[in-house]
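Colleague: Top to bottom, those sequences are chains H and L.
Residues 1 to 315, numbered by my numbering, are exactly what the first sequence covers, in order.
Residues 1 to 274, numbered by my numbering, are exactly what the second sequence covers, in order.
Since the hints were derived computationally from the structure, they do not count as laboratory data.
Please note that a few of the clues may not be correct.
Keeping only pairs whose Cα atoms sit at most 30 Å apart, straight-line, the calculated DSBU-like set for lysine-lysine is [unchecked claim]:
#1 L:Lys237 <-> H:Lys230
#2 L:Lys235 <-> H:Lys230
#3 L:Lys252 <-> H:Lys212
#4 L:Lys237 <-> H:Lys192
#5 L:Lys82 <-> H:Lys152
#6 H:Lys152 <-> L:Lys83
#7 H:Lys212 <-> L:Lys19
#8 L:Lys82 <-> H:Lys192
#9 H:Lys192 <-> L:Lys252
#10 L:Lys235 <-> H:Lys212
#11 H:Lys212 <-> L:Lys61
#12 L:Lys235 <-> H:Lys206
#13 H:Lys206 <-> L:Lys237
#14 L:Lys72 <-> L:Lys61
Just the calculated beta-carbon pair ranges, DEER-fashion [what the hints assert, rightly or not]:
#15 H:His184 <-> L:Pro165: 22 to 28 Å
#16 H:His184 <-> L:Trp54: 48 to 54 Å
#17 H:Leu218 <-> L:Lys258: 50 to 56 Å
#18 H:Val302 <-> L:Glu251: 57 to 63 Å
#19 L:Ala255 <-> H:Gly29: 28 to 34 Å
#20 H:Val272 <-> L:Lys82: 47 to 53 Å
#21 H:Lys192 <-> L:Ser47: 20 to 26 Å
#22 H:Glu224 <-> L:Ala256: 40 to 46 Å
#23 L:Ser217 <-> H:Arg52: 29 to 35 Å
#24 H:Leu54 <-> L:Pro232: 43 to 49 Å
#25 L:Pro165 <-> H:Ser11: 47 to 53 Å
#26 H:Phe134 <-> L:Asp179: 24 to 30 Å
#27 L:Ser217 <-> H:His184: 26 to 32 Å
#28 L:Ala46 <-> H:Ser11: 57 to 63 Å
In this text, a Cβ means the ideal position worked out from N, Cα and C, and glycines have one as well.
These are the residues of each chain, in order.
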Amino acid sequence: MKIVSCFSDLSELEPLAEAGADEFYTAVGDLPAFSIGVLPAADLPKAVKKVRALGKRISLAVNAIHAPATDRHLGAVEKRIRRLAALGVDAFIFSNPYLLGLFSGREKRLGAELHLSSVQPVFNSLSAAFFSRFGIARIILPNQLSPHEARKILLFCRARNIETEIFDYRFFGCAYVNGRCQLHRPGHYTLKSAIVEGSLCRINAKPGGLVKLRSLDLPGRAGELPALIKRLENRFTGGGSPRLSDAAAFFDFFASGVQYLKYGTRHDLPEVKVKKVRELRAMLGLAERLSSSNPRAEARRVFIRELSGWNGGGF
Amino acid sequence: MAVEKGIRLGTMTLTDLKKSGGLEAALRGFAWFYLGPEFCENLLDASVCDEAAWLQGRGKKVCLLTPMLSEKGAGRLDSVFKKLLRLAKSGALDPAGLEITVNDFGAFELARRNRLPFRLNAGRLLRENVFDDTGKAVTVHNGLALKFFRGLGVSRYELSTIGTPPDVNFARGGLFGFDRRTFRLTLYYPYLNLTSTRTCLVGMRDAPPEGAARGVSCARECRVGSFELAHPAIKEKLLVRGNTVFLEFPEKFYAAEKDLLRMNVDRLVYAPFL
C-alpha cells in the first residue's frame with residue numbers, strides 16, 4: 001500500500017516525501033475542485049518538476065461535483081487540463097461525469113490517468129462497472145463503505161486493472177455522503193450566528209432537549225422513542241452517525257489489497273500535514289509488520305488493539 | 001400545458017396509507033404515485049411492484065423511487081427490476097405508465113443489463129451532477145451534463161423546493177450549451193433533502209471498536225416516526241427521517257403554474273411524510 005498525500009504549497013513537498021508520501025495530489029483555484037486549500041496555479045509547473053525530481057507522482061483534483069461552466073469557460077478548462085497533462089501531471093481526479101467524459105474515449109484520451117473521486121461515491125460493483133467505461137485507472141473509495149460491502153468492487157477492479165484507494169479513517173470521516181451534502185451551504189437556512197467548530201453537522205452543545213418527535217407513524221413502536229431520541233441527540237452533538245471506517249476496516253482493506261492510502265486535508269498547516277503523513281506511515285508499517293509475522297486473524301486483532309490505543313496524534 | 005400532480009408515500013406503503021384513511025383522497029387528488037425508498041436500500045422490497053400494478057389498475061401512473069445502493073441493495077433492486085419485467089410481460093403492468101427514478105449510477109447499470117423498458121429519471125441524490133440548487137437559484141452546470149444523462153435515457157430530473165421561486169439560467173442555455181426544451185423537472189415539496197448518510201442516524205447501532213461493521217443494519221426505525229432538531233445555530237428546524245436530514249418550506253413557492261413552467265417544472269410531487 002502506498003501513501004498519497006495532499007499538499008498546497010511547494011515547500012511542503014520535500015518534508016512530506018521524507019515523512020513517507022509516495023504520491024502527491026493538490027488542487028488549483030482555476031479548476032473546479034471539492035473542498036478548500038489550493039496550490040497557487042502558477043506554482044503547478046514547479047510542483048510537477050519538484051515531484052519528478054523526488055521520483056514521485058502527482059495528481060490534480062478537478063473533483064467538484066458542482067462544475068458550472070459556459071461553453072467558453074469549459075473550452076478553457078479542457079485546454080488547461082490537456083496542457084497540464086502534457087506538462088507531466090500524472091493523473092486527474094474527477095467526480096462529475098460530464099467532465100470525465102471530456103477525456104474518455106480513444107480520440108479524447110489524455111496522456112494522464114483518470115481517477116474517480118470519492119465525491120462520486122462508488123458503493124457497489126455495478127457503479128464501478130459503469131465508471132470503468134470512462135477508462136478510469138483508479139477508484140477512490142468513499143469512507144462510508146465497509147470492507148465487507150466492498151468485496152465485489154475490489155474483485156471487479158482487480159480483474160480490470162483498476163487501482164483502489166481509501167482514506168485514513170483518523171483524518172477524514174464525515175458521516176454524510178460526500179458530494180451530496182448541503183449542510184455546509186447556508187443558502188437554505190438562516191444562521192443565528194457564525195457556526196462554531198465545524199458546520200451544521202456538529203452541534204457544539206450537550207445532549208438534551210434538542211430533538212423531539214415530529215410524527216409517530218407506528219404507534220405500536222412508541223416505546224422505542226426515548227431511545228431513538230437519545231440516539232439522535234448523541235449523534236448530532238457527538239460527531240454523527242456510526243462510522244464504517246475504523247481500525248478494523250483499515251486492516252481489512254489493507255489485507256484485501258487496496259493499493260493506496262490517502263491523507264487529504266489540504267487546508268491543514270504544513271507541519272500538521274507532515275505529522276499526519278508520519279502517522280499514516282507508522283500505521284501502514286504496523287499493518288505490514290504484523291501481517292508478515294502473524295496469521296491474518298492474529299495480525300488483525302493486534303493491529304486493532306494497537307490502534308485503539310492511538311492517542312489522536314495531538315492534532 | 002398543465003402541471004401534473006403526484007404524491008410521494010415515503011416510508012409508507014399503500015396498506016399504511018389505507019389504514020390511515022388517506023388512500024381514497026390520494027387516489028382522487030393525484031395522477032402520479034411515487035413509491036419505494038428514495039434514500040435507503042434497507043427498505044427495498046419487491047412487494048412495491050404489486051402496489052404499482054394495483055395503482056395502474058386504478059388509472060394511476062407510478063414512479064418507483066430507488067436509493068443509493070451497496071451490493072446488498074443492488075441485489076434487492078435486481079429482484080425488483082426482474083419482478084417488474086415479469087409483470088410487464090404478463091400485461092399486469094403498462095411500461096408506458098411506469099417511471100423509475102435512479103439515485104445511484106449502479107442502478108443505471110442494472111437497468112441497462114436488465115433492458116428495462118421503463119423511462120428513467122435522475123433522482124434528488126444525483127441532482128448535483130447537473131444542477132446547482134444550493135443557493136437561491138437553480139442552474140444547469142453545462143449542456144454536456146444534460147447530454148451525458150440523455151445518453152442514459154434521462155430527460156427528467158428531480159429537485160426539491162428551495163422555498164422561493166429560484167432564478168434559473170435556462171433562458172441563457174445557449175451560453176451554457178443547452179436547450180431548455182430537452183429536459184423537464186419534477187419538484188418535490190415541502191421538504192428539501194439537505195443531506196443523507198449511509199449509516200442511519202436513527203436506526204444503526206454503534207459499531208464496537210474491535211470490529212468493522214459489515215454493513216448498514218437496522219430494525220426499520222425510520223418507519224416509527226420522524227424527528228425535529230432544534231439546531232442552536234440556525235432559525236429553522238432540521239427534520240430527520242432515517243438517514244436523511246430535511247428542511248421544510250411550508251409556504252407556497254409559486255403564484256401560478258406558469259411560474260413553475262418557467263422553471264421547467266411540469267410535475268409537482270407532494271411529500272407529506274418526509
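Colleague: Now look at each hint and say whether the structure bears it out.
Modeller: We went through each hint and held it up to the structure:
1. Among the hinted pairs, Lys237 (chain L) with Lys230 (chain H) is consistent with the structure: their alpha-carbon atoms are about 17 Å apart, no more than 30 Å.
2. Proximity of Lys235 (chain L) to Lys230 (chain H) is assessed by CA-CA distance (about 22 Å); at most 30 Å being required, the pair is judged to hold.
3. Taking the CA atoms of Lys252 (chain L) and Lys212 (chain H), the gap is near 26 Å; set against the 30 Å cutoff, the hint holds.
4. A C-alpha spacing of about 12 Å is found between Lys237 (chain L) and Lys192 (chain H), which places the hinted pair at or below 30 Å, so the restraint holds.
5. Distance check on the hinted pair: Lys82 (chain L) and Lys152 (chain H) sit about 21 Å apart at the alpha-carbon level, within 30 Å; holds.
6. Taking the CA atoms of Lys152 (chain H) and Lys83 (chain L), the gap is near 24 Å; set against the 30 Å cutoff, the hint holds.
7. With a C-alpha separation of about 25 Å, the suggested pairing of Lys212 (chain H) with Lys19 (chain L) holds against the 30 Å cut-off.
8. Between Lys82 (chain L) and Lys192 (chain H) the alpha-carbon distance is near 50 Å, which puts this suggested pair outside the 30 Å criterion.
9. Taking the CA atoms of Lys192 (chain H) and Lys252 (chain L), the gap is about 24 Å. The hint holds against a cut of 30 Å.
10. Annotation: proposed proximity of Lys235 (chain L) to Lys212 (chain H) holds, straight-line Cα distance about 16 Å (limit 30 Å).
11. A threshold of 30 Å between alpha carbons decides the hint, and for Lys212 (chain H) with Lys61 (chain L) the separation of about 36 Å lies outside it, so the pair is violated.
12. This hinted pair checks out: Lys235 (chain L) and Lys206 (chain H) have alpha carbons roughly 19 Å apart, not beyond 30 Å.
13. With a C-alpha separation of about 18 Å, the suggested pairing of Lys206 (chain H) with Lys237 (chain L) holds against the 30 Å cut-off.
14. This hinted pair checks out: Lys72 (chain L) and Lys61 (chain L) have alpha carbons roughly 28 Å apart, not beyond 30 Å.
15. Between His184 (chain H) and Pro165 (chain L) the C-beta distance comes to about 24 Å, which sits within the given range of 22 to 28 Å.
16. Separation of His184 (chain H) from Trp54 (chain L) is about 42 Å and departs from the stated range, judged on CB atoms against 48 to 54 Å.
17. Between Leu218 (chain H) and Lys258 (chain L) the beta carbon distance is about 41 Å. The supplied range of 50 to 56 Å is therefore violated.
18. Checked against the given bound of 57 to 63 Å, the beta carbons of Val302 (chain H) and Glu251 (chain L), roughly 59 Å apart, stay inside it.
19. Checked against the given bound of 28 to 34 Å, the beta carbons of Ala255 (chain L) and Gly29 (chain H), roughly 41 Å apart, lie outside it.
20. Checking the proposed 47 to 53 Å range against Val272 (chain H) and Lys82 (chain L) shows it holds: the Cβ atoms sit about 51 Å from each other.
21. Between Lys192 (chain H) and Ser47 (chain L) the beta carbons are some 45 Å apart, a value that contradicts the proposed interval 20 to 26 Å.
22. At about 44 Å, the CB distance of Glu224 (chain H) to Ala256 (chain L) agrees with the hint of 40 to 46 Å.
23. As the Cβ distance of Ser217 (chain L) to Arg52 (chain H) is approximately 48 Å, the hint placing it in 29 to 35 Å is violated.
24. For the hinted restraint 43 to 49 Å between Leu54 (chain H) and Pro232 (chain L), the CB-CB distance of approximately 47 Å keeps it satisfied.
25. A C-beta distance of roughly 49 Å is found between Pro165 (chain L) and Ser11 (chain H), which places it inside the suggested range of 47 to 53 Å.
26. For Phe134 (chain H) and Asp179 (chain L), the Cβ-Cβ distance of about 25 Å falls inside the hinted range of 24 to 30 Å, so the restraint holds.
27. In this structure the supplied range 26 to 32 Å holds for Ser217 (chain L) paired with His184 (chain H), their Cβ-Cβ distance being about 28 Å.
28. Separated by about 58 Å at the C-beta atoms, Ala46 (chain L) and Ser11 (chain H) satisfy the suggested range of 57 to 63 Å.
Consistency note: the structure conflicts with the earlier hints numbered 8, 11, 16, 17, 19, 21, 23.
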